[in-house]
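Colleague: This is what each chain is made of:
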Amino acid sequence: MGIAASIGTPIKRREDPRLITGQATYVDDIKLHGMLHMAVLRSPYGHARINSINTEAAKKHPGVKAVYTSADMAGIGTVAVAVPLGEIANGMGLHGPLAEGKVRFFGDPVAVVIADDRYVARDARDLIEVDYEPLPAAIDIEEAMKPGAPLLYEKFGTNVAFGMHPPTDEIDKVFAQTLTDGGIVLKQRIYNQRLAPNSMETRGVVADYNKASKMLTVWCSSQNPHILRNILAALIGHPQHQVHVIVPEVGGGFGSKIDIYPEEMIASVAARKLGQPVKWIEDRSENLAVAVHGRDQVDYVEVAATKEGKITGLKVHGISDLGAYCQLFTDVIMIAFGFPVSCGAYDIPVIHLSADIVFTNKAPTDAYRGAGRPEATFVTERVIDLVARELGKDPAEVRRLNFIQPNQFPYKSAAGAVYDTGNYEAALDKALSISNYQALRAEQAQKRAEGKLMGIGLSSYIEICGFGPKGSAPIGLYESARIRVEQSGTVMLYTGSSPHGQGEETTFAQIVADEFSIAPDQVMVMHGDTDSTPEGRGTYGSRTTAVGGSAAYTAAVRLKEKMKLIASFMLEASPSDVTLEDGKFSVAGSPQKSVSFEDVAATANTSNTLHPSIEPGLETTVFWEPEACTFPFGTHISVVEIDKETGQVELKRMIAVDDCGRQINPMIVQGQVHGGLAQGIGQALIEAVVYSNDGQLMTATLMDYAMPLASEFPHFELDSTVTPTTVNPLGVKGVGEAGTIGSTPAVANAVIDALGVAHIDMPFNAEKIWKIIHQK
Amino acid sequence: MLLVHYLREDLGLTGTHIGCDTSQCGACTVLLNGDSVKACTVLAVQADGAEVTTIEGLAPEGGLHPIQEGFWEKHGLQCGFCTPGMIMASAQLLKSNPNPTDAEIRKALEGNICRCTGYQNIVSAVQYAAEHMRTGASEPVGAGE
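Chains as they are written, first to last, in this note's numbering: chain X, 1 to 776; chain D, 1001 to 1145.
Derived by calculation from the structure, the hints in this document are not laboratory data. There may be inaccurate statements among the hints.
Not close to chain X: a few residues of chain D, all C-beta gaps over 12 Å, as computed [what the hints assert, rightly or not]:
| id | residue |
| --- | --- |
| 1 | Ile-1018 |
| 2 | Ala-1027 |
| 3 | Leu-1032 |
| 4 | Ser-1096 |
| 5 | Asn-1097 |
| 6 | Asn-1099 |
| 7 | Thr-1135 |
Taking lysine to any residue pairs in the SDA-like style, the calculated list, with each CA pair at most 25 Å apart, reads [said to hold, decoys possible]:
| id | chain 1 | residue 1 | chain 2 | residue 2 |
| --- | --- | --- | --- | --- |
| 8 | X | Lys-452 | D | Ala-1103 |
| 9 | D | Lys-1107 | X | Glu-650 |
| 10 | X | Lys-31 | D | Glu-1009 |
| 11 | X | Lys-31 | D | Gly-1057 |
| 12 | D | Lys-1107 | X | Met-703 |
| 13 | X | Lys-307 | X | Leu-391 |
| 14 | X | Lys-652 | D | Val-1042 |
| 15 | X | Lys-31 | D | Val-1042 |
| 16 | X | Lys-652 | D | Ala-1103 |
| 17 | X | Lys-652 | D | Glu-1104 |
All residues carry an ideal CB built from backbone N, CA and C; glycine is no exception.
With these hints in hand, go ahead and build the complete structure from the sequences.
Modeller: Below is the structure:
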């Protein structure tokens, strides 16, 4: 009986046994001898001057080891920014780990207490006296851009950090010509609201310093151990080789655990000063206030289309709300990630993109599941429906009419991205078929006649992921894999990828096992520790399988070649005649003459008679850099019914046909889509971060920030098409964010369809919808 | 002192997690005298003399409880952080309702927030467990399998 290929099979996850029995270690589970606890004093104001801070009483509290303010962080660098645009390059928006002179958002860290236990730290924190002088806050992003708005960074004279306003001659011509030809031009303002990522595990860090060896060990709930290590070392002025980062189990990230935040910096500095381990665990209220928020973008869009519905030109002016400070990708989310895919799945000949990025007195924004692509896709998908509505056409057919065709790939979009492969019509047709679309429209007509509000919404999205190719980022975004085949035949894979629920211990084992023709159980996947894993870039941007998996695959291919060579000596055959099948190396045509995978592994590691041309051992490290990004795509269809009495939107059906290229483990792929759908639907229907006009965070606990619950979703109807990518050897496009990107516009389009209006901004909560119904 | 802190810090049973500060999320769900409670909303002293079952104590020795099996078989978890609480809440559900519909499962788990799975496979996991517990078809499965 042979060893069946594992790729493509839904095998159970090997992560699960420890997780389902409570035996896994998350950062708050770490307890070190002599460990101290850190509590952070945060600004209760959205914008204020700090006149003085008095820490004397706090310092004297029994059990307190230290109290730090910005004065104690002298020489520590500012929170890292990957690409400082515009005035950010001149210092606008940069901040040290503790506030100096001013606080600029509710929750801005002002001081920390380090104490013997968690309770003492909080009690002592309450004794710190800060003399604040509250200032008016800049909250609404468009108001923040106007002259006279409260300024976060007075010396720059504005809240706008960077603007990009290219000439509009070409798009103006296109619009004019379209009108002349009998087409239409539509305009719409679209708001993509601020969200809180809300991973179920909040952030946390334990920093431990050994004074003799000068080794700083940092456990952190992070998505990228090596980036954390490198940036932390640079910012706190510690030699890189003496910073050891260990990422234990991570309870979700969704982008909020990419950045290197103030708390990691402060805990590390504290540990170094005090020579004792320092632990900081974020509570949920802190997480809602200061862990990076997602989205918060206003788009002014203009579209020109023929009377048949073919789009001739698109003009998008995006305004990105940065929040109070620039963190790792804050300033580039819209421009670098969203803009290049602003044409979506459509063959739009001309697009004009302009931007303003603006500081406001809110938490910093940064990557949140989709990072720029949900915002861009939302605009494109709303535009299609606006065109369809204006022309009285079926939104499915307007999509079909505008799709990029399969024979146009690789496709250079007018917005800049070069799409790898795609077959958008196939995904659309599959979704239409599953939804029984014509029947749905008939049902809708019937229900409308009865005065009921039923809506059907589509979204045919594409997205860009698998970051990233040379030149696409300020540092190389390769991924790494070190494989060692042990004497026993067990395969150890050390990867630079860093999962937080994606299941790569299972999927990477599948990839490597198939290459070696062994069972996945024979492959161990290690991650998270900067001492044992090669320099990597981590897990975000749906890159883990596309880039990390490709690195693992490439390393396996390389070692397989060496094993074949060794086997050829053992079998006294030419290497080109040696095949590997069912865990055995044999000579083509003489299957009875074989050596097992384990035999070769043992020989490589222990033989004292290896041919002189062969280096002993069986270990290799690969750094794999993609040549291009990948472009997952799909069509989602949402069916909603709205209760006229209450304005409550009920999601009756959610159909998702997604194409992530080749699927390593279909069960894990579907899980990623489910989770993505939940977040995308959450944005459409209930989620929003809300600040008062003076900068108070109104959604400061889970009582106020609505999180989707199990009872709020229908059974998701999933299917897929498979259009492999050409940019990596696995054919994998990535799927982590696609569900979120595709679903939000589908739900929005459904609600707007139900109400028969041109546009409404999210979230579609009952109060908002009720008002619209009863004002009509 | 809250029960959840007593379990985690004094007893070292870190399987029970803390996910919020307002009793919304359910990550801290344990069984107190056989009934589910949110350990963040129970003072340790209130549990004096009671039997508390945490995730670590759910399974038979060396095996897995059918609910744990269900979560494994049906990919009912991703990051695992909400999972212990979700499993304990499911145990309560199946105790009161051994044959729940999907809708009943979703309603019963309203007190447990998951950000990763979208809940769909959690529902499947609980159905799997319900079936195995009803028919007694489940043999304790080695936790290493």
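Colleague: Please verify whether Lys-307/X and Leu-391/X have alpha carbons no more than 25 Å apart.
Modeller: holds (7 Å)
Colleague: Non-interface claim for Leu-1032/D: all C-beta distances to chain X beyond 12 Å?
Modeller: Its Cβ never comes within 12 Å of chain X, the nearest being 17 Å, so this holds.
Colleague: Holds or violated: are the alpha carbons of Lys-31/X and Glu-1009/D at most 25 Å from each other?
Modeller: Between Lys-31/X and Glu-1009/D the Cα gap is close to 9 Å, so the pair holds against 25 Å.
Colleague: Against the 25 Å threshold, does the CA-CA distance of Lys-652/X and Val-1042/D hold or violate the hint?
Modeller: Violated. Lys-652/X to Val-1042/D sits at ~37 Å, over the 25 Å cutoff.
Colleague: Closest CB-CB distance from Asn-1097/D to chain X, is it above 12 Å?
Modeller: Per Cβ check, Asn-1097/D is outside 12 Å of chain X; nearest 15 Å; holds.
Colleague: With 12 Å as the threshold, tell me whether Ser-1096/D passes as away from chain X on beta-carbon distances.
Modeller: Given that every Cβ of chain X is farther than 12 Å from that of Ser-1096/D, nearest at about 16 Å, it holds.
Colleague: Is it true that the CA of Lys-31/X sits at most 25 Å from the CA of Val-1042/D?
Modeller: holds (24 Å)
Colleague: Within 25 Å, alpha carbon to alpha carbon, are Lys-652/X and Glu-1104/D?
Modeller: holds (17 Å)
Colleague: Going by Cβ atoms, does Thr-1135/D stay more than 12 Å from chain X at every point?
Modeller: holds (21 Å)
Colleague: Regarding the pair Lys-1107/D and Met-703/X, is the alpha-carbon distance no greater than 25 Å?
Modeller: holds (18 Å)
Colleague: Check whether the Cα positions of Lys-31/X and Gly-1057/D lie no farther apart than 25 Å.
Modeller: Holds - the C-alpha atoms of Gly-1057/D and Lys-31/X are around 21 Å apart, at most 25 Å.
Colleague: Are Lys-452/X and Ala-1103/D close enough, with their CA atoms no more than 25 Å apart?
Modeller: holds (24 Å)
In this structure, the earlier hints numbered 1, 2, 14 are contradicted, and the remaining ones agree with it.
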